[in-house]
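S.K.: Each chain is listed here by its residues.
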Amino acid sequence: MLKPTRIFPSSNSPTLAGERLLEPILQTENLWKVYRQGKVEVPALRGVSIEIFPGEFVSIMGPSGCGKSTMLHVIGGLAQATSGRVLLDGNDLTTMSDSARTLLRRHKVGFVFQRFNLLPTLDAYHNITLAQHIHGNGFDPHRFQVVADLLGLSGRLKHKPSELSGGEQQRVALARAIVSEPKIVLADEPTGNLDTKSSEAVLGLLRQLNQDLGQTIVMITHNPEAAAYGHRVLHMRDGEVVDGSSVH
Amino acid sequence: MIRYMIVQNVLHRPLRTFITVLAVAVEVTLVIIVVGLTSGLLAESAKRIEGVGADIMVQPPSASVFMAFSGAPMPIAIADKLSQLEYVQAVAPVLLQFNSNGLEIIYGIDQESFLAVTGGFVFHEGHDLQGPNDILVDDVYARSKKIKLGQTLRLFDHDFHVVGIVEHGKGARLFVFLSTLQEMAGAHDKASVFFIKCDRTDHTPAVIDAIKQLLPRYEVRPLKDFISLMTSSNLPGLGAFINVMIGIAVVIGFLVIFLSMYTTIIERTREIGVLKSLGASKGYIVRIVLSETTLLCIGGAVAGVGLSYLMSAIFIKLFPTLTILITPLWVLRAGLIAIVGGLLGAAYPAWMASRKDPVEALAYE
Numbered sequence: 001m002l003k004p005t006r007i008f009p010s011s012n013s014p015t016l017a018g019e020r021l022l023e024p025i026l027q028t029e030n031l032w033k034v035y036r037q038g039k040v041e042v043p044a045l046r047g048v049s050i051e052i053f054p055g056e057f058v059s060i061m062g063p064s065g066c067g068k069s070t071m072l073h074v075i076g077g078l079a080q081a082t083s084g085r086v087l088l089d090g091n092d093l094t095t096m097s098d099s100a101r102t103l104l105r106r107h108k109v110g111f112v113f114q115r116f117n118l119l120p121t122l123d124a125y126h127n128i129t130l131a132q133h134i135h136g137n138g139f140d141p142h143r144f145q146v147v148a149d150l151l152g153l154s155g156r157l158k159h160k161p162s163e164l165s166g167g168e169q170q171r172v173a174l175a176r177a178i179v180s181e182p183k184i185v186l187a188d189e190p191t192g193n194l195d196t197k198s199s200e201a202v203l204g205l206l207r208q209l210n211q212d213l214g215q216t217i218v219m220i221t222h223n224p225e226a227a228a229y230g231h232r233v234l235h236m237r238d239g240e241v242v243d244g245s246s247v248h
Numbered sequence: 001m002i003r004y005m006i007v008q009n010v011l012h013r014p015l016r017t018f019i020t021v022l023a024v025a026v027e028v029t030l031v032i033i034v035v036g037l038t039s040g041l042l043a044e045s046a047k048r049i050e051g052v053g054a055d056i057m058v059q060p061p062s063a064s065v066f067m068a069f070s071g072a073p074m075p076i077a078i079a080d081k082l083s084q085l086e087y088v089q090a091v092a093p094v095l096l097q098f099n100s101n102g103l104e105i106i107y108g109i110d111q112e113s114f115l116a117v118t119g120g121f122v123f124h125e126g127h128d129l130q131g132p133n134d135i136l137v138d139d140v141y142a143r144s145k146k147i148k149l150g151q152t153l154r155l156f157d158h159d160f161h162v163v164g165i166v167e168h169g170k171g172a173r174l175f176v177f178l179s180t181l182q183e184m185a186g187a188h189d190k191a192s193v194f195f196i197k198c199d200r201t202d203h204t205p206a207v208i209d210a211i212k213q214l215l216p217r218y219e220v221r222p223l224k225d226f227i228s229l230m231t232s233s234n235l236p237g238l239g240a241f242i243n244v245m246i247g248i249a250v251v252i253g254f255l256v257i258f259l260s261m262y263t264t265i266i267e268r269t270r271e272i273g274v275l276k277s278l279g280a281s282k283g284y285i286v287r288i289v290l291s292e293t294t295l296l297c298i299g300g301a302v303a304g305v306g307l308s309y310l311m312s313a314i315f316i317k318l319f320p321t322l323t324i325l326i327t328p329l330w331v332l333r334a335g336l337i338a339i340v341g342g343l344l345g346a347a348y349p350a351w352m353a354s355r356k357d358p359v360e361a362l363a364y365e
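In order, the protein sequences belong to chains F and Z. Here the working numbering is used: position 129 in the first sequence is 129, and no number is missing along the way. Here the working numbering is used: position 242 in the second sequence is 242, and no number is missing along the way.
Honestly, the hints are just simulated from the structure, not real lab data. Just so we're clear, the structure is a prediction, and the values are computed from it rather than from any experiment. C-beta: ideal position from N, C-alpha, C; glycine also. No incorrect hints appear here.
Restraint-style ranges between C-beta atoms, simulated for each label pair:
#	chain 1	residue 1	chain 2	residue 2	range
1	F	G38	Z	N243	49 to 57 Å
2	Z	Y262	F	V242	41 to 49 Å
3	F	K183	Z	A363	21 to 29 Å
4	F	K183	Z	V244	56 to 64 Å
Pairs of lysine-lysine, DSSO-like flavour, derived with a Cα cap of 30 Å:
#	chain 1	residue 1	chain 2	residue 2
5	Z	K317	Z	K47
6	Z	K282	F	K108
7	F	K160	F	K108
8	F	K183	F	K197
9	Z	K190	Z	K47
10	Z	K317	Z	K145
11	Z	K47	Z	K81
12	Z	K47	Z	K146
13	F	K183	Z	K282
14	F	K183	F	K108
15	F	K160	Z	K282
16	F	K158	Z	K282
Looking at chain F on its own, in the form it has when it is part of the complex (with noise of 0.2 Å):
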């Protein structure tokens, strides 16, 4: 068995308005996810072991295959790890339930994804309040009216995605994924099919959430330019992070 990495955030790593918040809101543990391809054990996760603070906007960094995706999916609740622990705001993903793990993702977690993956029968608006519905705490008209103006989207709100620009749908996928006000949002590849200027649009988007709201953010990207826009960069190579170091 690999020797656990372990990375904890360096000791300027950026705390909400300067203040060092101790309890990470994320945390794993010599994390380990292993996929099964008919009688061949193909580990995706290799003992990973980070720690996210609140506030933080980390990037994942690393080549394709490197299992920096399926670290996201064992994170966000989306599946489940083979061994190890992952405590999201203090939750115990590992020993939860498929249903409890639903529940924490609806309450704690924003997902953005390279495709956008948005609703094509909806327009913007209802893909935005979708998630608020799925919440249980209905629509929360300020709240949606903050997220709209701060990305954007007050104009396009009535389009639906097949009529919106790949950056308009990345914004609409954001404002989704934070509309509910969640503990952390995970970007996988959030720039991946956009073009430059959309990508940066949509960077500098992910900064002014975390810099404006606070919000925590983890994003995986194969882009160093895009890395650079967070706090701090981890790498990982063949499930494993290597380097954990901070840019700013």
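Following the hints, position chain Z against chain F.
M.R.: Positioned in the frame of chain F, the structure of chain Z alone reads:
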């Protein structure tokens, strides 16, 4: 929100929606028309029997209310005994013959007593029966078969001469002399039914009691209740037939909805993954699938009711002797059958959708 979502889903694939709604509509129409046709035929013939105007009907022991299926085993002499009973004003012996070619019942009547009980025919054209080969037809029959006064009508390999066209509603659509029909049927001095007219309607129960004493095992029925007796439940074969047709309709609805929702779920795999990533529970996803199914089925049921009225109008135009009885109860039942069948058909696709692995669903191309 769910309502908005399912409406958008339904509008997103208009052809799929149209075909599904159409299939459910056909299912609903099948139920309504089959039931409407059978109960319409029964009600219509019951109404005609009532239209005879008699108060009591006497049939041989354990005879069916569906007179077409009864034989003719009663000696006609019984009529004399019956007419001697107190309060009895008139007794009309009638021999029934079922014409399997035209699905029609022919009445062999003794003209004098039949007129006494019924109050007589209303003639559109022509006159009473006079010769042994004369026949009276009612206006509906004449219209649908394009029969003219004076023409020859061939029934049971026998040529009849149409001498009168009468108003419908006197038991049968075709009337010949009792003696002619007895000879043709080989049932000399026999009758299938006696229609009895009392001097006053409120004497009917007393006369019934008297007849039951006179003819203990015979079927004696007041005609007032006749329509209520003419239901498919009194004819086991017909009830089974209706059930089979409903069963086929339900299977059609089940299969169409199953296939429609199954392919929809596969097409929307990634969307289901998105819903799951947003924290939608299994119940939420099942609710979406079943709500959409319900919407499609309600659409199909409404279209089906419309289609039923249209089909019924077309049928009646083509076959004027048919009666199709579309009742609110069966409209409601057919709608419920469609919805329940649809929900059963959607149950597996909904379950399949709710159990999808979110990571695999999100990676679906």
